[in-house]
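Student: Chain by chain, the residues run as shown.
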Amino acid sequence: MELSYFPGCSLHATAREYDASTRAVCAELGIGLTELDDWNCCGSTSAHSVDAEAARALPLRNLRIAEEAGKAVMSPCAACYGRLKAGQAEDAASDSIDVCHILDVLDTQESTGLLRGKVTNPLTDLKAVSYYGCLTTRPPDRTGATDYENPESMDRLLGLAGATALPWSFKTDCCGAGLTLTRSDIVTRLVDRLMRMACEAGADCIVVACSMCHANLDMRQAEAARDHGGEYSLPIFYISELLGLAMGCADARWWRRHLTDPTQLLRAKGLAA
Amino acid sequence: MAPALGAISPDPALLRGVEEELGQKIASCFHCSKCASGCPVAFAMDVQPNKVVRLVQMGLKDEVLRSASIWLCASCETCVTRCPNQVDIPAMMDVLRQMAIREKAPAADPAIPAFHAAFLSSVGKHGRVHDLGMLTTYKVKTRKRGDALKDAGLGWEMFKRGKLRILPSKARETKQIRKMLREIVDRI
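Just so you know, the sequences run in chain order A and B.
By our numbering, the letter at position 173 of the first sequence is numbered 173, and the numbering carries on one by one without gaps.
In our numbering, each residue carries its 1-based index in the second sequence increased by 1000.
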């Protein structure tokens, strides 16, 4: 499979480990990624909050480039994915190219078939809750998701990687997203609840498929625990990092980019040196 | 004696204006409050989501545009996903925020539009957001808040881990983006 790759701003900066692990996993599964030439920011929450034209024009410029490239465009960031989808919804002419999220690409019969044969380092004993956040599935009339109240694609992938995906009720609750700088009080309250619920479910870690979710859960959990009297410290993994780990193509540099250090957990489970 | 009612000045054109920009009828909301009960930030809002719809239906423009709620909506899309009438509240919040900027209504929490301006100003410069530049602009814009150093420690931790680029990642052909975003940022 050959795809255009839309990393978005965060995968070039705050979420570089998501970029590196996405590339590693896709290479392993025979999914060719060509970074979209000269891509621009999707506009994120800021554009659609303040100007309808900017909210339309920013994703559409990317969609036009993707059209020229002639391949479906995949974004690992749920927020970018959402904005590209929203751009398509506003302009019927931009509909010729498929826009997909990394989970759409990984949770297919073809990819899971390949994955099954490539798990050399099963994540046995790792208990995870999968956290989809908002924009991987919502709004369903734009994303096409049918299981938007209880998505299971990451749970399936984790199962194939040998981990235990635990059930919990907070898969699609919001982390506070773009309020993180302006209203970190709101974000830490939401993060605190997610962390507590993940612990209550018995999880060792939380698995995400969005750079915004990762940023809030990984970077704000210490502050959330302090402000709300929580006692938790759970590593937050991108789904691509854990699949890479299971397929033996993980890079120790990924873990060094996390604020909540995952190496202790990985060592305890015999998954890292 | 009945309590005195405060003077209200409804704007009968508000509902029609919002519906036109939205491309959808929000008069169909019958206030089941499903949006308010599932909203993750409702606890911080001054007006619950369905009540924002109600204020629009009633034409109470000042009350709507000055509410904190229009800025606090995180666009998580939970409400519209569950709404029995498919009222697109997140899109309505966008329309109201844009209206508040156009009409220069004072934002209940000015840091939020200031953040959007800082973000878009960075995208205007590079075609992509550059976190360090955006953070600096945001902190300068909101210096009166007195929390300029909040998150400085977090920033340092990010920097140490290579999460903050010193030099921006840039798109090449950004003339149009720059022009469009500069005009928008100037208005906020």
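I should point out that these hints are in silico values taken from the structure, not numbers from a laboratory.
All values reported here derive from a predicted model rather than from experimental measurement.
One or more hints might be untrue.
Sample of chain A residues at the chain B side, in silico, Cβ under 7 Å [as the list claims (entries may be wrong)]:
(1) 230
(2) 232
(3) 233
(4) 255
(5) 265
Below 25 Å or equal to it, Euclidean Cα-Cα: the simulated DSS-like pairs (lysine-lysine) are [to be verified]:
(6) 85/A x 1025/B
(7) 1150/B x 1179/B
(8) 1141/B x 85/A
(9) 71/A x 1170/B
Positions of the beta carbon are idealized from the N, C-alpha and C atoms, including for glycine.
Student: A separate judgement is required for each hint: does it hold in the structure or not?
Tutor: Verification of the hints:
For the restraint placing residue 230/A at the interface with chain B, the shortest Cβ-Cβ distance is roughly 17 Å, beyond the 7 Å limit, so the hint is violated. At its closest, the beta carbon of residue 232/A sits 18 Å from a beta carbon of chain B; the interface hint therefore is violated under the 7 Å criterion. Interface restraint check for residue 233/A: the shortest CB-CB distance to chain B comes to about 14 Å, outside 7 Å, so the restraint is violated. The closest approach between the C-beta of residue 255/A and any C-beta of chain B is roughly 10 Å, which is over the 7 Å cut-off, so the hint fails.
A cut of 7 Å between beta carbons decides the hint on residue 265/A: the least distance to chain B is about 17 Å, and the hint is violated. Between residue 85/A and residue 1025/B, the direct Cα distance comes to roughly 22 Å. Compliance with the 25 Å bound is thereby established for this hinted pair. A distance of roughly 32 Å separates the Cα atoms of residue 1150/B and residue 1179/B; the hinted pair therefore is violated under the 25 Å criterion. Proximity of residue 1141/B to residue 85/A is assessed by CA-CA distance (about 32 Å); at most 25 Å being required, the pair is judged violated.
Distance check on the hinted pair: residue 71/A and residue 1170/B sit about 23 Å apart at the alpha-carbon level, within 25 Å; holds.
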